[in-house]
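Combine the two chains into a complex, taking the hints into account.
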Amino acid sequence: MIAYYARRMARLLTARIDGPLLGAVLLLMGAGLVVLYSASNAGWTRVSGQMVNMLVALTVMWMMANVPPHFLMRLALPMFIVGLLLLVGVAVKGEVINGARRWLNVGITRIQPSELMKIATPLMLAWYFHRYEGTLRARNFLVGAILMLVPVVLIARQPDLGTAVLILASGCYVLFLAGLSWKIIAGLGVIAIAGAPAAWSMLHGYQRQRILTLLDPSQDPLGAGYHTIQSTIAVGSGGLAGKGWLQGTQTHLDFIPERTTDFIFAVFSEEFGLLGNVVLLGLFLLVILRGLVIAANAPTLFTRLLAGSISLTFFTYAFVNMGMVSGILPVVGVPLPIISYGGTALVSLCLGLGILMSIQTHRKLVHT
Amino acid sequence: MPRMLFSSGIEFRDSQREQHQFKGRLAVMAVFVLLMFSVLLGRFVYLQMTQHEHYHTLAEANRISILPATPGRGLITDRNGLELAYNYTGHTLEITPAKVGDVNAVIDRLGEIVEISPRDRRRFRKLLDESKSFESLPIRARLSDEEIARFAARRYRFPGVEIKARLFRLYPQGDLFSHVIGYIGRINQRELERLEENDELPNYRGTDYIGKMGLEQSYERLLHGTTGVEQVEIDSAGRAVRTLSRVPPVSGANLVLKIDAGLQALVFKAFGNRRGALVALDPETGGVLAFVSKPGFDPNLFVDGIDPQSWNELRNSPDRPMLNRALAGTYPPGSTFKPFMALAALTYGKRTPQQGIADPGYFWMGNHQFRDDVVGGHGWVDMHKSIVVSCDTYYYVLANDLGIDAIARFMSQLGFGSRSGIDLSGEATGTLPSREWKKKRFKRDWFAGETVSVAIGQGYNAYTPLQLASAMATVANDGIMFRPHVVDYIEDARTKIRTPVEPRPLRNLEWKPEHVAVIKRAMVGVNLQGTSATAFVGAGYSSGGKTGTSQVIGIKQGEKYIESRVAERHRDHALFIAYAPADKPKIALALIVENAGFGAKAAAPIARQVLDYYLLGKEAGASEAARGAQQ
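These protein sequence lines are chains A and B, in that order.
When we follow the working numbering, the leftmost residue of the first sequence carries the number 1, and every step to the right adds one.
When we follow the working numbering, the leftmost residue of the second sequence carries the number 369, and every step to the right adds one.
None of these hints come from the bench; they were simulated from the model.
For clarity, every value in this text was computed on a predicted model and none was experimentally measured.
Using N, Cα and C, we set each Cβ at its ideal position, and we do this for glycine too.
Looking from chain B toward chain A, a few residues come up when the C-beta cut is under 10 Å (computed):
#, residue
1, GLN387
2, VAL396
3, LEU408
Simulated pairs of lysine-lysine, DSSO-like, Cα-Cα distance not exceeding 30 Å:
#, chain 1, residue 1, chain 2, residue 2
4, B, LYS888, B, LYS718
5, B, LYS880, B, LYS954
6, B, LYS808, B, LYS718
7, B, LYS969, B, LYS952
8, A, LYS364, B, LYS391
9, B, LYS391, A, LYS183
Covered by chain A, per the in silico footprint, the following chain B stretches (three or more residues, Cβ under 8 Å):
#, region
10, 418 to 430
11, 592 to 605
With the rest of the complex left out, here is chain B (with noise of 0.2 Å):
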C-alpha cells in the first residue's frame, strides 16, 4: 500500500508536472503559431503593399493584350465607280509551323478534311521557304462553310492550326487590268527591312500583305491606311473577353481612276491575241483614259502567294505577260517620230513648212544609201506632205542639216529618254540617242550616218508607248506638258471626300502657235487622205494621226522586207500616234501592236475604235469592238 500510495503519490506528482509540462509546451506552440501567422503577414505586406505596384502591372499584363487594327485596304474604282480591287473577307486554313511537328503529315491529315490541291501544297512550301516558322501561314484560302464546320469539329487534332478571317483582295477585271492596278502580296524581307528603315512598321502590324506592282505599289501608302489600336482582355488561354480602348483603323483611301473600263476593256479585244500596248491620255490634264499592256495576267494568282508552277508559267512564256509594255517596253517610234522631228526643224529655224525637197526615193549619205518605203520616191515634198505620206528622205535631208545634238535636245524636252512620272513604279527611261549617251553606252563616238536612222524613228531610239503618248499629248496641247496620271480622285473612304489629283504641268515649251498648227494640219491629212486615211473613213469628228513601223531586225542594204518571208516575232511592229478631236484635243494616244507588220493597218484601226468610243460614246465604240471583233 505504502508503496502504492508512494507510487501514486509519484503519479499525483508527475502527472502535475506533466500537466505544468505540457502547458509550457502549449505555450511554445501558442507562440510558434503566432510567429509563423506572423511570417505570413510579413509576406502578405510584402505581396500586398511594398510590391503591389509590380504585381498590378504584372496582372494587367496578364489580361491585357494590345491588338493591331488592321485598316480595310482602299479600293480602287474606274471613272465611272466600277471596282477593280476591292475586299472581301474570307476564311484561311493556317498552320503556325513552329506549333507543328511534322508539317508534311499534318497537310496530309488536313487534306482528308478540306480539299487541299497540288497547287496549295506547292504555294505552302514556298511560303514555308520564305517565312519564318512562328509566322501563321495560309494552307488553304477561301474556305467554304461546310469546310470550317468540318475542320472546326476535329480541330483539337489539329493543335498549331487554325481558321482565320481575313481580308482578301479581289481583282474581279482579272487580266484586264494588270498592268495598271498590279497586285499585293506577303510582304518579303526586304520590304520588311524597308518598313523599318521607313519606321513603317509599326503601321504593318497585323498587315500581311503590301503592294507589290502597279497603284496598289505606288498608292501603298495611302491604300493601306492606319492601323488601329485594341486593348481588350483576354483571358489564360488567350481568348478575348471584351475590348477595353480601341483607337479605331483608319481605312485606306480609296483610288478613283481616270480610266474608262469600257474603253480599257474595248482596246484589250481590239487587240485580239495580239501582243502590244496602248496608252490614252487626256492632253490638258495628263489624265490616264486607257492603259493597256497585251498580254496581261491574273493579278488575284499572286494574292494568296503564287504556287511555283504558274510563276514559271507567267515568266517563261514568251509572250512575256508579266512586261509592262506601256510603262516598261522600249521601242523605236518608227515614222510617228516624223512630227516631232518636223517640230523641231521649225522650232530651230531648220525648216519652213513651204521648204521641200524633189524626192529620188533614196539618199546617198558617203557610199551608203539610205531609202524609202516607196520606190521611185514621193516627188516633191514639203513638211506637210512628209508627214502625211511619210516620206522617210525627207528626214534623212533634215537629220544631216539638224544635227544629233539638236534633236536630242528637241526630244529630250518632249520627254523621249527620261521617266515621265507617272503614278506607277517600273517606268523605263528608253533610249534617247545623243552623242554622250553613244560614249557612255559604247565608248565610240557618234557618226553622222547615225543621225539619219534616228530622224526616221529607228536606229538606237527606244521609247516607251507612255512616253510616245505623252509626246502626242503635249503636242496636241500645244507645247504644255502635264505628268500623265492614272488616278483622278483619291476618296477618303469614311466621308467619302474626294481630293482630285491636281494636273501638275511638267513644263511649256514655249513653242510658236503657227509651227505647232502646221504638224496639227499635217497629222489631220495623215488621217483624211494620208497613210491612215482608210481607218478613219467616215468618222463623225476630226483627228489628226501618225502611222509607224518599226523593224525588228536590220534590213540588209540592198534586201527587200517581205512580210511574209519573216518568223512572225522578227515582223515589224505596227505603231500608230494620234489625237481628236483636231480643233481642242480631248485625247491623244499612242500603241503598238507587236510584229503586226504596217501600222495603218495593224494599229490605226484600234486608235480608231478608241476615239469613237471616247467621243461619239459606248454604243458607237461598242458596235465598233463587236465588228473589230469579228473581222
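So that you can see chain A by itself, here it is in the shape it has in the complex (with noise of 0.2 Å):
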C-alpha cells in the first residue's frame, strides 16, 4: 500500500521532469555553491541563502514543468499586458536604487517588472507568431519587433543595460527562429552598423565608459576599468588546473569585486583553472542543447519558439557573464546562470527551464 503510494508520489513528482535537463542543472547548482562557498570567503551564510533560493528555484521548475503549454498560452498575452503597465508605472514613479529607478513598490513588497518581461516578453512573441503561424508576414514580424522593443527600451532607459540585452536577445531569437528573412536581417545588418553612432548617443555615460573600457581597460585602471583587469587576471592566473580550492589569491585578497555575484565566474575560473572552465561549458551546452532538441521536438508553433528562445537566452547568460568577465565583453550586469548568487535571476531561470520540461513532457498530448 505504502509502496503504491510512494511510487504514485515518485511518478508525480518525476512524470514532468525532463531527466538530462535536471541532471545538468544540479550539476551546476552543485558547482555553484562549492564556489559560492570560496567567493564568501568560506563562510556559511550565503551558501545556505543559495541553498534555499535553489530550493525555491527547484519547486518553481517542477511547477512550471507540470503546466501545460496551452495554458501557459492563455497567460501569455494578460502577462505582458500586466508586465508592460508595471513598467510603465516604474518609468513614473519606480524607487531609485544606484541610480536606476527599477523597482516597484506595490505596498508588500518592491517588485522587478523587468524580471517578469524576461520570461513575458518570450511568451508573447512565441503566442503571437503562433496565432499567425501559417500566414506569417513581413508585417507580422515588423509587429513582433515592436512587441519586443518597447519592454526593451523601456528597461534600458531605467537604465538596466544587462536585462534590456537579455530580453532583446530573446526576443531576436523568436524573430529569427520564426522564420525572419534572411534579407531583412541582412539588411538590418546594414542598418545597425550605419546607425551605431545614433545608438552611441543614446547611451549613458557609464553604459559608454563600459565599452570604452573593454575597448582598453588599461586607460582607467581604477575606475571603470578595475573589475575588467582583475578578473583578467583572475581567470589568467589560474592556469591549466586552477589555483585550487579556496586557494583563489584574487578571490581572497578581496581584488575580484562583485565576487559572488556577477563575478562569480572569476572565482571559477581562478581556482579550477581552464579545465574547470570547459566542464562549465559543457554543462552549460548540454542545457542548451538539450533546450534546441526540445525545440526541435516541440508539437506546436508556440512551443517551439518559446523553447528556442528559452534555450538561446540560457545561452546568452552564460556567454555574456563569461565574456564580461574574461575581458571580451563590456561589463553589463548579467549573472552567471545558475552559479551566480542571488534568487531572482536562479528563480527566473529554472522558470524557464521548467517550460522547457513542460514543453517536452506534454508534447504528445497536444494535438495539431
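The following block contains the structure:
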C-alpha cells in the first residue's frame, strides 16, 4: 500500500521532469554552491541562503514543468500587458536604487517588473507568431519587433542594460526562429552598423564608459577598468588546473569585485582553471543543446519558438557573463546562470527550464 | 470546403515547411552557440595557457607587497650602562598632504579631536615646506591612548590622515650630553642625495631619520643597522594579511661611551650658568672621560622636527648653545701654552732647565714694551719657576730665541691647529700661527713681535679645548699621542658582543724623558705652590696643572686691564689644563670658562672637582660638586 503510494508520489514528482536537463541543472547548482562557499570566504551564510533559493527555484521549475503549454499560451497576453503596465509604472514612479529606477513599490513588497518581462516577452512573441502560424508576413515580424522593443526600450532607460540585452536577445531569437527573412536580417545588419553612432549617443555615460573600458581597460585601471582587469587577472592566473578550491588569491584577498554575484566566474576560473572552465562550458552546452532538441521536437509553433528562445536566452546569459568576466564583452549586469548568488535570476532561469520540461513532457498530449 | 481544404492544405504544407525551416534555423543557432562557446574557449586558452605567466605575475604583484623592516637604532650608554639615547614606540598622527585637500582645514578639524598646539602647527608647516606632498608627515607625536581611541572612532572623516606606530628617539639626559650625542632628525634633501650617491638609499627604505650631529651623525652607519625585507600578502585595500617571508632587520650597534655620566653631570653643574667647555681624556688611550660644552640644548626638540620659534631662540641666543665649544670653539690658550713652549725649548736645545733670566717685569722689543702681569717682575726665573709662577717675560725672551718656525713645527706635532680625529664630526682646526699661515691669511709677512705674543698663548693662537686637552694628555703620556675617541665599545645589539674601539696611537713625539720630566715637575709645582695651589689644597693625590687667562680684547699700551670695568662678554676667558696622578697619569683635561677672568680662580676649582671625582670616587666628587654649587 505504502509502496504503491510512494511509487505514485514518485511518478507525480518525476513525470513532467526532463532527466538530462535536471541532471545538468543539479550539477550546475552543486558547482555553484562549491564556488559560492569559496567566494564568500568559506562562510556559510550565503551558501545556506543560496540553498534556500535553489529549493525555491527547483520547486518553481517543477511547478512550471507541470503546467501544460496551452495554459501558458493563455497566460501570454495578460502577462505581457501587466508587465508593460508595471514597467510604465516604474518609469513614472519607481524607486531609485543605486542611480537606477528599476523597482516598483506595490505596497506589500518591491518588485522588479523587468524580471517578469524576461519570460513574458518571449511568451508573448511566441503566442503572437503562433496565432499567425502559416500566414506569417513581413508585417507580422514588424509587429513582433515592436512588441519586443517596447519593453526593451523601457528597461534600457531605467537603466538596466543587462536585462534589456537579455530581453532583446530572447525576442530576436523568436523572430529569427519564426523565420525572419535573411534579406531583412542582412538589411538590419547594415542599418545597425550605420546606426551605431546614433545608438552611441543614446547610451548613458557609464554605459559608454564600460564599452570604452572594454576596448582598453588600462585606460582607467582604478575606475571602470578595475573590474575587468582584476577578473581577467584572476582567470589568467588560474592556468590549466587552477589554484585549487579556496586557494584563489584574487578571490580571497578581495581583488575581485562582486565576486559572489556577477563576477563569480572569475572565482571559479581562478580556482579550477581551464579544465574547470571546459567542464562548466560543457554543462552549459548540455542545457542549451538539450533545450534546442526539445524545441526541435516541440509539437506547436508556440512551444517551438518558446523552447528555442528560452534555450538561447540561457546561452546568452552564460556567454555574456563569461565574456565580460574574461574581458571580451563590456561589463553589463548579467549573472552567470544557476551559479551566481541571488534568487531572482535563479528562479526566473529555472522557471524557463521548467517550461522547457513541460514542453518536452506534454508534447504527445497536444493535438495539432 | 475545397477552399478550406485547399487552404488547410496550404497551411499543412506551410506548417510542414515552417517546421522544416524552423529546424534549419535551430541548426543555425546551434552552430552559432558552438561558435560563440568556441570563442570563449579560445579566450580561456589564451588567458590561462598562452598568457598564464603574465597573469600569474600580475596576480602575485597584486597580493605581494615588499615592506622594509626598519632596524632599531642602536642605543648609546655611558661607561656604566646609563642610557643616553634610546628608542621607544610611540604613536603619531600623520597627514599625507597629497591625499587631503585643504591641509589647514584638516588640521583645524583634527584639533577638535586631539590637542594640536601652535608649536605643532609651526613645526608641521616647516616639514611641509621641506617635504614632498606624498610623504606622510607627523602633525602630532606621542599620542595618548585616549587620543588614539578618539581619532580611531572618527577616522572615516579623515582620509589621508593616519595613526602610525613609530620608534622615537629619546635623550633622557637632555642638554647634559647634547654636544656629545647630538641628535637625529628627518632626512633632508641634501642627506637624501648623499645617501643616493653612496648607494645607501635602499638601506634607508622605511627610515625617516638620520643622525644630524654628534655621535648620532658620526656613527650613523653603525647606529642605523641594516634594513630587512618583509614580503607580506596584502588584500585589495592594501592591508597586510600575512607574512610570506622575512629577512629580519639587523639592529644598529649600541655605543658604549668611555664617558661617566656622573662626571659629566658634575662638570655641568660646576660650570653653573657660565659658558665654557671641558674635555677630559684618558692619556693612555685617548678615551674621552668627560666632554662638556656649556650651555647645551635639549636634543629632544629636534627629533620630531624643531619648530621655527624654538630654532630661532637657539640660533639667536647670545650664549650660542648650538656651538660645540669643546669641539669647534677656538680660544687663545693663554698661559696654558707655556708648558708646551718650554718643552719645545728643551727639545730644540734652546734652553736648559737651569738657564734663567732676571725678570724686570717687562720686555722691550724695538719700541714696544711687553708687560708681565706682575709689576716689577718675578726676580730670577728659570724654566721650572717660569711655569710655576707663569712668568711672561721668560717666554718673551724664549720666543725670540726659538722663532716662529720652530714654535709652529713643535706645536703642529702636538696637534695644535689640526683636527684631532675624534669620532665626532664638526671639529674645528683652530689657528696655528706661522709664516705660511699669515701669508695665506693676510698676505703679509710675519713680524718678530708677533712671535712674542704667540709664545704666551695670545696673539693669533686659537685652539679648541679638545686640542688643548689632547696636547695635555700627550705630555702626560710622555709624548705618545692617541687619537681621542668618545666611544669605548661597539656592542652588537643581538649578541651583546663588545668590540673595543682600539686606542690608536697617532704618533710618538720621541721627547727625551728628562725633558718631559722637567715640564711635569713644574706643572706639579703649579698645583702645589703656584698659581693654582689654592684650588688643590688637601688633594689626596699629586697632580700637575697650568692656569691660563686669554684676552678677549686687546689692551692698549700703558693701559691696565681691570676686570670690573670691562663688559662681561669682553672679560678674559679663564683656562686650566691638568693631569693626575702625577706619577702615572690616568686623566688629563683642559677647560675654559668664558669671560670668567683669571684661570686660577674660575677654572682650576672645576678641574679639582673633576680629578677628585675621577681619582677618589663618586662620593668625594659628589660632595665637592655640592660644595661647588653652594658657593
